[in-house]
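Asks: Chain by chain, the residues:
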Amino acid sequence: MIIKTPTHYFLVCGASEGFTPLNAFDAALLRAGIGDTNLVKMSSIVPPHCQLIAPVPLPGGSLVPTAYASITSDIPGEIIASAVAVALPEKPDYPGLIMEYSARGPKAEIEETVRQMAIEGMKLRGRVIKELNSVAVEHRVKKVGVALAAVVLWEKEEVEQD
Amino acid sequence: MIIKTPTHYFLVCGASEGFTPLNAFDAALLRAGIGDTNLVKMSSIVPPHCQLIAPVPLPGGSLVPTAYASITSDIPGEIIASAVAVALPEKPDYPGLIMEYSARGPKAEIEETVRQMAIEGMKLRGRVIKELNSVAVEHRVKKVGVALAAVVLWEKEEVEQD
Amino acid sequence: MIIKTPTHYFLVCGASEGFTPLNAFDAALLRAGIGDTNLVKMSSIVPPHCQLIAPVPLPGGSLVPTAYASITSDIPGEIIASAVAVALPEKPDYPGLIMEYSARGPKAEIEETVRQMAIEGMKLRGRVIKELNSVAVEHRVKKVGVALAAVVLWEKEEVEQD
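Protein chains in written order, with our numbering: chain A, 1 to 162; chain B, 163 to 324; chain C, 325 to 486.
Chain A on its own, in the form it takes in the complex (with noise of 0.2 Å):
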């Protein structure tokens, strides 16, 4: 294994304006309580047995594999959403998929279609979904915002020590 596979994992959201749109992601970033670290994105699985907890503080700069959706726009006005969502299996030996989905839209709207889409990889791969968890964040736009939903993947050791 190059690197390690994570055991935990949480699902956040958050939106914010900001100076430019990197700005505004770092803002979104931190609203979601995933500020202040290292994001390493990554295609959208949560490993076997891997645990849902509710989300923990993360050590400053430490490197997070992390899958996420994430929209800016700087039209004024502008409705924009992210969301996330994770559909388990029935048999736990096997993964959980990750999708993420973002548009100009509300926010029930995108969650549905995240929802949807998780349903449709499962149904791809013929397994039964046991549970099926989904976050959503819609922003207006005042002049340059960003919307951001993620389903961070960490590990136990540092769930338990923070």
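Among the hints, erroneous ones may be present.
Derived, one-sided and incomplete: chain B residues facing chain A with beta-carbon distance under 7 Å [what the hints assert, rightly or not]:
1) T169
2) F181
3) P183
4) A189
5) V218
6) G223
Examples of chain A residues toward chain C, derived with CB under 8 Å [claimed, not checked]:
7) I3
8) H8
9) F19
10) D26
11) G33
12) D36
13) N38
14) L39
15) P55
16) P57
17) P59
18) G60
19) P89
20) R127
Hints are computed from structural coordinates only; laboratory data are not their basis. All C-beta atoms in this analysis are idealised placements derived from N, C-alpha and C, irrespective of residue type, glycine included.
Once you have looked at the hints, place chains B and C on chain A.
Replies: Coordinates of chains B and C only, in the frame set by chain A:
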């Protein structure tokens, strides 16, 4: 070393339709034999002495350093293709070079381009090529399609255990 | 911790023409002194107590956590530039902030923007800046050009060994 340096690598490709672009990407990964993992995208070097192997099953949900090209299209009838090439130097103490390319067009054309890209990259380094491998895949879009080609970096222990 | 937290960092930049956009990117990395490695892109924090060093040679093919800005252009004559800034807090137990920015325009302008972005990000955190470092590079496009600026996170052992 923050992350271990891989010792083995393999080339794969796959293409698929999907419910959304991300579902098509997910399905293309499954067809390529690297679905159900967490791809960590990286730029694009084969470490010295890293060995080419046939594709191996990857543990579900593992974090997998991968260089890949991916293209999405929702234009019915369009042909899209992705390819990766790996150029290895005569002197085994030097790194090899991975190139990725995807575009509209037939597989043969895209694969020829990516091979030329690898040749140019080795020329820039002043390294004589000992071996040049590539894979490519094309896809005719129905509604939403993805074509993906990847070089997966992995390590010996995993290969032996699986 | 899924991935080790880096202990040292350095700033680099480079620009180049290339046979294709990816070849130009590859050549820009070589000019920046971080070619022949596998950059793993991450968002964008300096861990507490992480120390600034002069650029060091990285082992060929190693996986290197990096925050970077990159811009590609194929418009002959266009000036493109990339910059990164690192803002460190007065209190060393807090993380520092990396910002990346690239755009059409001269180096001085892009670097000024990225420094302002770092200042805004620290203001948002309520942290007083002790030190603000940045690098930037510009490039006049001939056929296909890339300008790249990066903050590489690394660790002490490697620095001492090399």
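Asks: Could you run down the list of hints and mark each one as holding or not?
Replies: Each hint, compared with the structure:
The criterion of a C-beta within 7 Å of any C-beta in chain A is not met by T169(B), whose closest approach is roughly 9 Å, and the hint is violated. Of the supplied interface hints, the one on F181(B) holds, with its beta-carbon coming within about 4 Å of a beta-carbon of chain A, less than 7 Å. Because the closest C-beta pair between P183(B) and chain A is about 10 Å apart, greater than 7 Å, the hint is violated. Look at A189(B): its Cβ gets to within about 6 Å of chain A, closer than 7 Å, so that hint holds up.
The interface hint given for V218(B) is violated, since its Cβ lies 13 Å from the closest Cβ of chain A, which is over the 7 Å cut-off. Because the closest C-beta pair between G223(B) and chain A is about 3 Å apart, less than 7 Å, the hint holds. Of the supplied interface hints, the one on I3(A) holds, with its beta-carbon coming within about 6 Å of a beta-carbon of chain C, less than 8 Å. Taken as an interface hint, H8(A) does not check out: its beta carbon lies about 10 Å from the nearest beta carbon of chain C, beyond 8 Å.
Look at F19(A): its Cβ gets to within about 4 Å of chain C, closer than 8 Å, so that hint holds up. Checking D26(A) against chain C by beta carbon gives a least distance of about 5 Å; that is within 8 Å, so the hint holds. Using the Cβ-Cβ criterion of 8 Å, the hint placing G33(A) at the interface with chain C is not satisfied: the shortest such distance is roughly 14 Å. A least Cβ separation of about 5 Å between D36(A) and chain C falls short of the 8 Å threshold, and the interface hint therefore holds.
Annotation: N38(A) was flagged as interfacial toward chain C, and the flag holds, the nearest CB pair being 4 Å apart, inside 8 Å. Nearest Cβ of chain C to the Cβ of L39(A): about 5 Å, under the 8 Å cut. The hint holds. Among the interface hints, the one on P55(A) is violated; its C-beta lies about 16 Å from the nearest C-beta in chain C, farther than the 8 Å criterion. At a threshold of 8 Å, the smallest CB-CB gap from P57(A) to chain C is about 13 Å, leaving the interface hint violated.
Below 8 Å, beta-carbon pairs count as interface contacts, and P59(A) has one with chain C at about 7 Å; its hint therefore holds. A least Cβ separation of about 4 Å between G60(A) and chain C falls short of the 8 Å threshold, and the interface hint therefore holds. With a least beta-carbon distance of about 22 Å to chain C, the hint placing P89(A) at the interface is violated under the 8 Å criterion. With its C-beta approaching chain C no nearer than about 25 Å, R127(A) sits outside the 8 Å limit, and its interface hint is violated.
Hints 1, 3, 5, 8, 11, 15, 16, 19, 20 from the list above are not met by this structure, while the remaining hints are.
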